[in-house]
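Visitor: Residue-level listing of the chains:
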Amino acid sequence: MSSESPAVILESVSKWYGEVIGINDISLAIDGGVTGVLGPNGAGKSTMFKLLLGRLKPNQGSVRLFGTDPWESTAPFRRVGYVSETEPLYEWMTGLDFVSTMARLHGMTREEAIDRAEHVLDFVGLTDVRHKEVGKYSKGMRQRIKIAHALVHDPDLIILDEPLHGCDPLARTSIMSVIRELGNRGKTVIVSSHILEEIERITEQIVILHNGRLLALGNLHAIRGLLDKHPHRILIETESPRELAKALISREPVYGVRFPDQGYLEIQTSNLSAAHSILPQVIVDSGVKVRSVENPDDNLESLLGYLVGGG
Amino acid sequence: MDSQGRGLSESVWTSLDRKAGAVIELTVRQLRNKISTWVVMALGALLMTLLLVFYIDAIRDGFESIDNDGDSFDEDNDGYPMGQERKYGTSDWDGESFPGSGNFIFEGQIDWNAPDRSISGNKTWEGSAILEATWIDYDYSGGRWSNIIDWDDGNVEQCQDGDPFDDWWPDYASACMQEDGTYVVSGKLKASGNLFVPEGQYLSWGFFTQEFFVEPDPPEMYIDEDGIDWDGSGGSQGIDDDGDCLRVGWPAQAEAEMWWEDPHNPDSNRNGVSCDVVWIINPNTGEVVSINGDDLVDEDPVDADYAGESSHRAFVIASGKVAFVLLLGLFLPLFLALGLVRDETERGTLHYLLSKPIHRGEFISYRVLGYLAVVSTYVISLSLLMALITSLIGPGDELIRFGDFPVWVGIATATILVLAAYGSLFNTIGLVMPKYGVYLCIIIGVWEFAMGFTSIISPNSPVTFLSISHWGLQIIDATVLATWPDTLQYSQMSSAFGLETGLEWIWRPPVHTLGTGNPYLSIATSVTFLSFVSLILISMGSSIFQRKEIM
Numbered sequence: 001m002s003s004e005s006p007a008v009i010l011e012s013v014s015k016w017y018g019e020v021i022g023i024n025d026i027s028l029a030i031d032g033g034v035t036g037v038l039g040p041n042g043a044g045k046s047t048m049f050k051l052l053l054g055r056l057k058p059n060q061g062s063v064r065l066f067g068t069d070p071w072e073s074t075a076p077f078r079r080v081g082y083v084s085e086t087e088p089l090y091e092w093m094t095g096l097d098f099v100s101t102m103a104r105l106h107g108m109t110r111e112e113a114i115d116r117a118e119h120v121l122d123f124v125g126l127t128d129v130r131h132k133e134v135g136k137y138s139k140g141m142r143q144r145i146k147i148a149h150a151l152v153h154d155p156d157l158i159i160l161d162e163p164l165h166g167c168d169p170l171a172r173t174s175i176m177s178v179i180r181e182l183g184n185r186g187k188t189v190i191v192s193s194h195i196l197e198e199i200e201r202i203t204e205q206i207v208i209l210h211n212g213r214l215l216a217l218g219n220l221h222a223i224r225g226l227l228d229k230h231p232h233r234i235l236i237e238t239e240s241p242r243e244l245a246k247a248l249i250s251r252e253p254v255y256g257v258r259f260p261d262q263g264y265l266e267i268q269t270s271n272l273s274a275a276h277s278i279l280p281q282v283i284v285d286s287g288v289k290v291r292s293v294e295n296p297d298d299n300l301e302s303l304l305g306y307l308v309g310g311g
Numbered sequence: 001m002d003s004q005g006r007g008l009s010e011s012v013w014t015s016l017d018r019k020a021g022a023v024i025e026l027t028v029r030q031l032r033n034k035i036s037t038w039v040v041m042a043l044g045a046l047l048m049t050l051l052l053v054f055y056i057d058a059i060r061d062g063f064e065s066i067d068n069d070g071d072s073f074d075e076d077n078d079g080y081p082m083g084q085e086r087k088y089g090t091s092d093w094d095g096e097s098f099p100g101s102g103n104f105i106f107e108g109q110i111d112w113n114a115p116d117r118s119i120s121g122n123k124t125w126e127g128s129a130i131l132e133a134t135w136i137d138y139d140y141s142g143g144r145w146s147n148i149i150d151w152d153d154g155n156v157e158q159c160q161d162g163d164p165f166d167d168w169w170p171d172y173a174s175a176c177m178q179e180d181g182t183y184v185v186s187g188k189l190k191a192s193g194n195l196f197v198p199e200g201q202y203l204s205w206g207f208f209t210q211e212f213f214v215e216p217d218p219p220e221m222y223i224d225e226d227g228i229d230w231d232g233s234g235g236s237q238g239i240d241d242d243g244d245c246l247r248v249g250w251p252a253q254a255e256a257e258m259w260w261e262d263p264h265n266p267d268s269n270r271n272g273v274s275c276d277v278v279w280i281i282n283p284n285t286g287e288v289v290s291i292n293g294d295d296l297v298d299e300d301p302v303d304a305d306y307a308g309e310s311s312h313r314a315f316v317i318a319s320g321k322v323a324f325v326l327l328l329g330l331f332l333p334l335f336l337a338l339g340l341v342r343d344e345t346e347r348g349t350l351h352y353l354l355s356k357p358i359h360r361g362e363f364i365s366y367r368v369l370g371y372l373a374v375v376s377t378y379v380i381s382l383s384l385l386m387a388l389i390t391s392l393i394g395p396g397d398e399l400i401r402f403g404d405f406p407v408w409v410g411i412a413t414a415t416i417l418v419l420a421a422y423g424s425l426f427n428t429i430g431l432v433m434p435k436y437g438v439y440l441c442i443i444i445g446v447w448e449f450a451m452g453f454t455s456i457i458s459p460n461s462p463v464t465f466l467s468i469s470h471w472g473l474q475i476i477d478a479t480v481l482a483t484w485p486d487t488l489q490y491s492q493m494s495s496a497f498g499l500e501t502g503l504e505w506i507w508r509p510p511v512h513t514l515g516t517g518n519p520y521l522s523i524a525t526s527v528t529f530l531s532f533v534s535l536i537l538i539s540m541g542s543s544i545f546q547r548k549e550i551m
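Protein chains in written order, with our numbering: chain A, 1 to 311; chain B, 1 to 551.
Possibly wrong hints are sitting among the right ones.
[As the list claims (entries may be wrong)] Below, simulated DSSO-like cross-link-like pairs (lysine-lysine); rule was C-alpha separation at most 30 Å, straight line:
#1 B:K435 <-> A:K57
#2 A:K132 <-> B:K34
#3 B:K34 <-> A:K136
Hints were generated in silico from the structure; no laboratory data involved. The structure displayed is predicted, hence computed values, not measured ones.
Using the sequences and the hints given, assemble the complete structure.
Guide: Written as structure tokens, this is what we have:
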């Protein structure tokens with residue numbers, strides 16, 4: 001029965017802590033592929049994960065993990081791997097020890113656990129440091145060992161709560177590729193983040209939470225497309241902002257320019273993609289030197305502002 | 001078969017065992033990596049070492065014999081210890097009466113109402129009379145306490161005016177001279193002449209045998225000259241072992257000095273049995289009320305044997321009750337069990353354990369089992385070490401007192417059961433009150449400590465039944481009785497002879513024997529009670545944890 005049920009189903013789930021609402025009437029189903037859960041701090045991401053892991057009981061609605069209520073039964077956890085947002089580990093254990101110990105908690109023999117631990121440590125790229133105490137690991141290594149522990153029993157569903165938080169760019173790239181690989185292998189992966197760009201690099205399937213409510217659910221590009229059709233700003237740092245403004249103002253997607261600061265040009269567009277597509281050619285043609293190009297509105301806050309504002 | 005193609009027995013039961021083993025092993029390793037675990041265990045070991053130092057010191061000093069019945073004292077300062085004086089039938093209180101001194105042989109008397117009131121002769125006299133002396137032995141001079149008249153070399157005072165024995169009476173052991181040259185005497189004297197005994201007075205007379213020299217025995221000879229034969233019951237016990245009372249082979253047979261005296265009564269305790277000791281026991285408490293021996297029956301215990309064994313037992317029992325059950329029993333769970341789950345929550349590592357397919361109720365049981373594995377190993381090792389050292393050093397002829405080991409097994413069992421009960425309780429408190437649970441545990445600890453000491457002194461007190469420590473201590477009391485059945489006798493002898501080995505204070509017979517007095521029944525009752533309490537507390541903890549939301 002449970003193997004045919006979707007990995008995650010939330011039906012009208014609400015959870016509140018006294019007067020504070022954690023999650024408000026959320027319904028969704030997730031099964032297969034990588035799903036990004038986006039939302040600022042306090043949006044309800046961690047509450048949703050805690051409900052999925054049976055650590056909290058919903059005040060209303062029902063939570064099903066492979067068709068089973070995780071509050072009542074721990075059976076579905078055999079198929080779930082969870083990477084928490086929290087930092088602490090068993091610092092005195094070696095990487096191999098930590099992962100194999102966690103494997104044994106799934107009922108594996110000592111030998112099976114060590115084999116599987118070696119395998120997943122190789123998968124996350126920690127083979128070289130597997131005999132080192134995790135207390136001596138870097139931030140990125142700590143995140144990867146947490147992912148390894150969540151993968152050791154070959155779960156069907158992997159939940160990662162802010163796995164890229166605090167990691168350096170190299171570690172981010174490494175962890176993102178691990179997550180993408182898991183998705184490619186047909187696992188159901190749920191990744192939370194409050195940074196749009198991170199999720200964008202991992203998946204197209206997103207869930208957006210805000211103030212405990214489900215704000216959007218679906219394909220990121222479709223949502224971004226909606227966003228693109230609304231006024232956007234592009235901030236260009238250049239030696240000759242006025243010269244570049246002259247070259248751009250006549251082009252179709254640009255409908256206004258501003259000079260917010262010395263050496264900066266801000267162009268206003270209603271089609272961000274189109275503006276970005278013409279920008280390189282215009283710069284080359286004008287012969288103006290450009291130091292940087294930024295999209296101040298291309299972040300989660302802008303997206304939320306748009307979604308909350310209703311367009 | 002399950003979805004992964006494994007047999008059902010493989011996938012359910014075996015993996016359950018593995019998961020249990022993994023949680024237990026993880027718990028053991030976590031406790032092993034906690035500094036507080038090592039600190040509290042090191043303190044426990046230090047406590048045991050200190051106790052052993054005191055014990056070894058006491059044992060090395062040996063058990064000096066004490067004169068329990070005063071036989072070695074020389075009360076009258078005549079150079080002869082009391083035991084030797086009793087042996088020769090001389091007085092312990094009269095310096096003139098000592099072994100080899102002349103024995104008084106009684107010849108006759110004038111009674112209070114005898115018709116003839118005068119007597120003449122050269123005798124030793126005792127009583128009250130008017131003496132018309134031809135000779136007085138001034139060297140036979142004493143005082144009030146010996147009742148021998150103090151002649152002061154013949155310089156006695158003049159008598160008062162008036163009629164003696166009518167207007168006035170002479171003091172004891174005194175003499176005075178009347179105007180007509182006669183003496184008014186009262187006491188013992190040696191004199192020749194005529195004695196008139198007024199009506200209502202009496203006089204007896206006789207003579208002393210030839211004196212001979214007896215070498216005074218050293219006082220040590222009269223310390224612990226006999227052992228106790230007591231079988232633990234009341235009534236006639238301990239027949240004279242060394243013949244003191246029967247007087248077999250004595251050098252001189254003492255006789256009565258005066259007609260009313262009996263210097264040797266073989267049945268002075270008047271129980272119809274000659275030369276025995278009567279033990280009077282309170283039928284309600286079973287404790288010795290008094291010990292009444294016939295004359296010259298040495299009923300005191302041999303201290304080297306008695307005090308050594310009694311002190312050894314008192315040490316073993318005190319270590320088990322106070323150091324193991326009360327101190328280790330309370331401090332180990334306070335440091336090791338209170339945070340079994342609470343610390344994981346505080347550190348933020350609980351999710352590693354709860355995101356696994358392990359039922360929360362089982363999880364609590366496995367955590368407590370892990371804690372028990374650590375503390376049990378510690379307690380067993382410590383008790384084994386203590387057993388080895390004390391059984392090697394302890395009194396007795398054997399090299400190792402193997403007979404002590406069951407007591408140490410009882411101590412270890414009691415401690416582990418108490419640790420299980422406290423551990424389950426403290427862990428549950430840690431779950432319910434993560435922040436302030438430690439204060440509640442301390443309050444419970446104080447209560448248990450108080451009840452423990454009350455239970456040691458008065459195990460029958462019903463209020464102590466409400467504590468965990470009481471039942472642990474009962475296991476030790478019962479194991480002691482089963483292993484050393486004569487401990488009751490040692491305890492009662494300790495009280496009876498005032499030998500302060502501590503045994504009578506630290507040990508009492510077990511109370512939960514359902515009226516049978518059978519120690520094994522008490523062990524079974526206490527073990528069942530403590531196991532039941534632990535299971536109930538673990539179930540409570542499991543039930544609470546199962547319904548608890550983990551933030």
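Visitor: Could you check the structure against the hints above and give me the numbers of any it violates, in ascending order?
Guide: Hints that this structure does not satisfy do not exist here, as all of them hold.
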